[in-house]
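Q: Yeah, the sequence shown ends on 404 if you go by the numbering used here, and it's all consecutive.
Each hint should be verified, as a subset may be incorrect.
The calculated BS3-like cross-link candidates involving lysine-lysine, where the alpha carbons are at most 27 Å apart (straight line), are [what the hints assert, rightly or not]:
no.: 1; residue 1: 377; residue 2: 320
no.: 2; residue 1: 239; residue 2: 314
no.: 3; residue 1: 377; residue 2: 348
no.: 4; residue 1: 67; residue 2: 108
no.: 5; residue 1: 108; residue 2: 314
no.: 6; residue 1: 177; residue 2: 108
no.: 7; residue 1: 177; residue 2: 67
For each label pair, taking beta carbons as the anchor points, the in silico distance ranges come out as [said to hold, decoys possible]:
no.: 8; residue 1: 180; residue 2: 385; range: 18 to 26 Å
no.: 9; residue 1: 366; residue 2: 159; range: 34 to 42 Å
no.: 10; residue 1: 267; residue 2: 97; range: 49 to 57 Å
no.: 11; residue 1: 293; residue 2: 74; range: 12 to 20 Å
no.: 12; residue 1: 385; residue 2: 270; range: 42 to 50 Å
no.: 13; residue 1: 366; residue 2: 391; range: 33 to 41 Å
no.: 14; residue 1: 255; residue 2: 290; range: 41 to 49 Å
None of these hints come from the bench; they were simulated from the model. For clarity, every value in this text was computed on a predicted model and none was experimentally measured. No residue lacks a Cβ here, since even glycine has one placed at the ideal position from N, Cα and C.
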Amino acid sequence: MRRFIGQLTGVRAIAATWVMLYHYQPVLATMHLLIPGVHDVLRVGRLGVDLFFALSGFILTHTYLRKMGPELSWPNTRHFLWLRLARIYPVHFVMLNVAGLAVVAQMKFGGADAAARSWLNPTDYLKQVLLIQEWGPNPTRGWNFPAWSLSMEWLAYLLFSFLVLLLFRMHNQLSTKTLGLLWGASLLPLLGYGIFYGSDPYYISGWGSTIRILTEFTAGGITLLIVQRFTEQTPHGPKRRVERLATTLSVAFPVTIVLASLILGHVPSLQWTTADFPDMSNAADLPPKWHLMLVPLLIAWIGSLALTSRGPSKFLSTDKMILGGFISFSLYMTHTVWYGLWRAVLTKLHINGGILYAVGAIGLFVGAFIIAWLMWKFVEEPAREWMRARSGETAKPVEEAARA
């Protein structure tokens, strides 16, 4: 069953890079690289987070279905939660404080507006420390704002001990066709929210973040159950015809996502305007309405990749892509703070275009990956290994140790 770990690790690299490019759109626009087509795909780049949510549900169900599924156990739950904290908390805590120091420095030396940073207070800091800042209908963002997704992941982890009980019984008692129907049903609240909640381009307010994590995480878990049905068909994995179909779909799904992004980006009624957001200079960079409709395709892509070692799966399993997957969490957590510091320096130097800006932009992108690697190498992995060892686990998860 670990046959799909490689390609899904590579998917993490795709997801984190997609989110990073979504945030770096203004830089690409200044360099005249935000051409039609590319722009449409990057406008929906925030869906890389939704891809992470579904991947998390898929991998955790794979890892813990038989360990935690048969019965509810507090020792097992406590052990699971400790290992999840080992995975996310060290980088989160470091970047939370780095982001705070960076903002204070900008306010002191760069003339940044303190009023725009009302979240810079002890209460919001404590919410970030406890990973509860995104809970509820009106989330409080700030500090290192990509951590909003960790707050949602933490909510999913707290509920996972109950979800895995249900998934275990679904796996043992339901047909593959019924699992498919439940997969679609689990995403209906998300699709309904994406279509009918039309006042927030980011789908945050009105419990939006909670709807996204619960539906996508659950759908990721059900996807694993469906994949298992096919991988257990023979001692060596899925039947050949299943793998051939999965290979075709692993190409078809991303192509369809790109085409759908182009369509969504060119339907006038689905675009936000400066009339909707008077304080925003370029509403064209906002994701189009209904972009959550692409999420089922992303989750189905995970399933198709897991059922084949050919096509995109072969590329995603290469050493470079797996390394990219390893550093993806650190890339996601560091890239916006690095971007803010980069912008502050260029503003101070009065560089807003031309050759110097292009050189600086190259430094921005290269620097983002270097910083991510350094964070992964010297913070994320050592702290994770130390915390895992405290619980009696091997320093590295088996599938990662095998590739280290």
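Q: None of the hints should be skipped; say for each whether it holds.
A: Do the hints match the structure? See the list:
Restraint check for residue 377 and residue 320: satisfied, since their Cα atoms lie roughly 15 Å apart, inside the 27 Å limit. Between residue 239 and residue 314, the direct Cα distance comes to roughly 18 Å. Compliance with the 27 Å bound is thereby established for this hinted pair. For the hint pairing residue 377 with residue 348, the CA-to-CA distance comes to about 31 Å; that exceeds 27 Å, so the pair is violated. Between residue 67 and residue 108, the direct Cα distance comes to roughly 51 Å. Violation of the 27 Å bound is thereby established for this hinted pair.
Restraint check for residue 108 and residue 314: the C-alpha separation of about 49 Å exceeds 27 Å, so the hint is violated. In summary, the hint linking residue 177 to residue 108 is not supported, as the alpha carbons are separated by about 60 Å, beyond the 27 Å threshold. A C-alpha spacing of about 25 Å is found between residue 177 and residue 67, which places the hinted pair at or below 27 Å, so the restraint holds. Between residue 180 and residue 385, the C-beta spacing of about 39 Å breaks the proposed range 18 to 26 Å.
Checked against the hint of 34 to 42 Å, the pair residue 366 and residue 159 passes, with Cβ atoms roughly 39 Å apart. Between residue 267 and residue 97 the beta carbons are some 43 Å apart, a value that contradicts the proposed interval 49 to 57 Å. Here the CB-CB span from residue 293 to residue 74 is close to 40 Å, at odds with the stated 12 to 20 Å. Separated by about 46 Å at the C-beta atoms, residue 385 and residue 270 satisfy the suggested range of 42 to 50 Å.
Distance hint check for residue 366 and residue 391: the Cβ-Cβ separation is about 37 Å, which falls inside the suggested range of 33 to 41 Å. The supplied range of 41 to 49 Å is broken by residue 255 and residue 290, whose beta-carbon atoms lie about 19 Å from each other.
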